[in-house]
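Peer 1: With chain L held as given, fit chain U with the ligands onto it using these hints.
The listed protein sequences correspond, in order, to chains L and U. Position in the first sequence counted from 1, then plus 503, gives you our numbering. Position in the second sequence counted from 1, then plus 2, gives you our numbering.
What the hints contain is simulated information worked out from the structure, not anything from laboratory work. Hints may contain errors.
With a straight-line Cα cutoff of 30 Å, these simulated BS3-like cross-link-like pairs (lysine-lysine) come out [to be verified]:
| id | chain 1 | residue 1 | chain 2 | residue 2 |
| --- | --- | --- | --- | --- |
| 1 | U | LYS43 | U | LYS143 |
| 2 | L | LYS766 | U | LYS143 |
| 3 | U | LYS143 | L | LYS767 |
Computed from a predicted structure; not experimentally measured.
What follows is each chain in one-letter form.
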Amino acid sequence: MSDAAQIPQFAFRLWSLGRARGLVNGLIGIALLLGLWWLGGLIVANDPDLYAFANFAPEPTLKRLWSMVLSGEVISMSGPSLERVGLGLIYAAAFGVPVGILIGRAPRIHELTNVPFQFMRMISPLSWMPIAVMAFDTWDGAIVFLIAMAAVWPILFSTAAGVRRIDPAWLKVARNLGAGPLHMLGSVILPAIAVDILQGVRLALGVAWVVLVPAEYLGVTSGLGFAINDARDTLDYDRLAATVVVIGIIGFALDAAVGRIVKKLNWVRAAH
Amino acid sequence: MAVTQLMPGASTPATAVSGTDLPASSPATRSPAAPRRAATKGAHVAVKSLSHAYRRNDGKVLDGIDFEIGQGEIVALLGRSGCGKSTLLHMLAGLTQPSEGEVVINGNGVREPSHKWVMMFQAPSLFPWLSVAQNAALGLKFTRRGHEIDARIPEILDLVDLGAFADRNAQELSGGQQQRVALARSLAPQPEMLLLDEPFSALDAFTRRNLQRDVRAIARNLGLTLVIVTHDVGEAVRMADRVIVLQANPGRVAEDTAIDLSEEERAGGAEGFQREHSRLMGVYSRIAEAADAQDDIANDFTQL
Ligand SMILES: Nc1ncnc2c1ncn2[C@@H]1O[C@H](COP(=O)(O)OP(=O)(O)OP(=O)(O)O)[C@@H](O)[C@H]1O
Ligand SMILES: [Mg+2]
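Next up, chain L with everything else stripped away, as it sits in the complex (with noise of 0.2 Å):
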């Protein structure tokens, strides 16, 4: 065999070497966590005064999740949960977008809104919750409304940024090729833009994931948050755990969504 036949077959165990690295040490990581987990359980079923939370352990929480999964359990009790975090979501971009965009383009409104912003930006949405039970109706709309404020921050301020960092000569070829108003807005600033946006919503999800939980102790009897409450008060505490592990896997996959949306759409080429 001759050496140019050789070099591709090496380069390619490189690779593929390369990319078996990552998902090992992906899969040590998560053996490490368990293995935390275990003892953790260890010590608390060997602690007399901590005997009743043994069910906290992998063994008894991986069983229950498994059979949560089989009867629908997972699925009935994260789908109202999704359900208000995409609501919340929803009014935040609606809001954050359109405000992120005018605060990045006028300095005068950015002058005006900068100190209320960052102000209210700084509250934990939680302290909104005695306001949001007297304004909604419902329990949803309360919960709702909270996602909303947490996460309305991050996409408003993300937009805002990404629309200062626009190259101004952008808008100037394209005024000078004849946009109007529609076409600076939709073929350059939303463009150029939308990474950031994204950008905006993954932290977003991560603030409105996190409230979720505590929100949804309010009134409501269905979500992830419910839950929780719902097996602490009943002592079932595998179920409570196994919960906490369904939460915990959901907000991974849908950050791990959003991040792949985001790399697909970043235009930003390295420069070679």
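Peer 2: Just chain U with the ligands, lined up with the frame of chain L:
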């Protein structure tokens, strides 16, 4: 090279978009499939007692500029850095309004930008999220002529020698290629005038020469009026039929002179080119030095 290809022949883009004023393209060679439209007529420009100050209390950047540019004329605006060339060009493009006087194109005062007089800047500023073809098509899209894109864009990319790059991302091209895309983008909406603001100054000498030659040839073939802002005397001689030399502080027309050279002589090196180059260099230096002397007097005053 695109320009040498496009001269004769029925199927080449130049014949499709231009028409009469091209000696090589007799009516017989014009393709019947070519778009039925009047041959592009270059814009006629009249700059009338134009003055400009950026802020009310600032000194004038431009002061009492008067000149006319005929249809299809190729004119260089030559002047030192800061004498107001870009400012003047922005006003020709309708991107800035002068504080006094006006720019009249084809008999109408210029109030706003239009795809009929397109400016090309020093940086190509392509949209990095679009392909080469999509970038070139922007002007058609903005002026609601999207239906022309499929027919015109391949043509126009061939014209600037980038036919093979249509589907590439704009960022994957070299600086010279990107400037060609910017040229295609400017030409696609069939402008009557191109305004170039030192568009080749960031390129290496060889690429710059090629583009200078190609842009001149394209403008002549299409009958476009071409205004080139430059502080490079060689560029002015290579590209322009006429050079308007501006003096600085405030910007005024100091000299208006014709460059009388054949296309071969412009290619450089030859005796005629050298003659015109040193003549223009002389004019330019005299005006620049006069400005220096004036600056010195002004400095003396402020130091008193
Ligand atoms: N937007 C602006 N606001 C205020 N002053 C400006 C502005 N643009 C240009 N100027 C001033 O106007 C004068 C002319 O600028 P201009 O850019 O037209 O010069 P130029 O001849 O194109 O120079 P260069 O060759 O360096 O590009 C300069 O003194 C500059 O400082
Ligand atoms: Mg300039």
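Peer 1: All hints are to be evaluated individually against the structure, with a verdict given for each.
Peer 2: These are the hints, each one checked on the structure:
no., hint, verdict
1, U:LYS43 with U:LYS143, "22 Å, holds"
2, L:LYS766 with U:LYS143, "27 Å, holds"
3, U:LYS143 with L:LYS767, "24 Å, holds"
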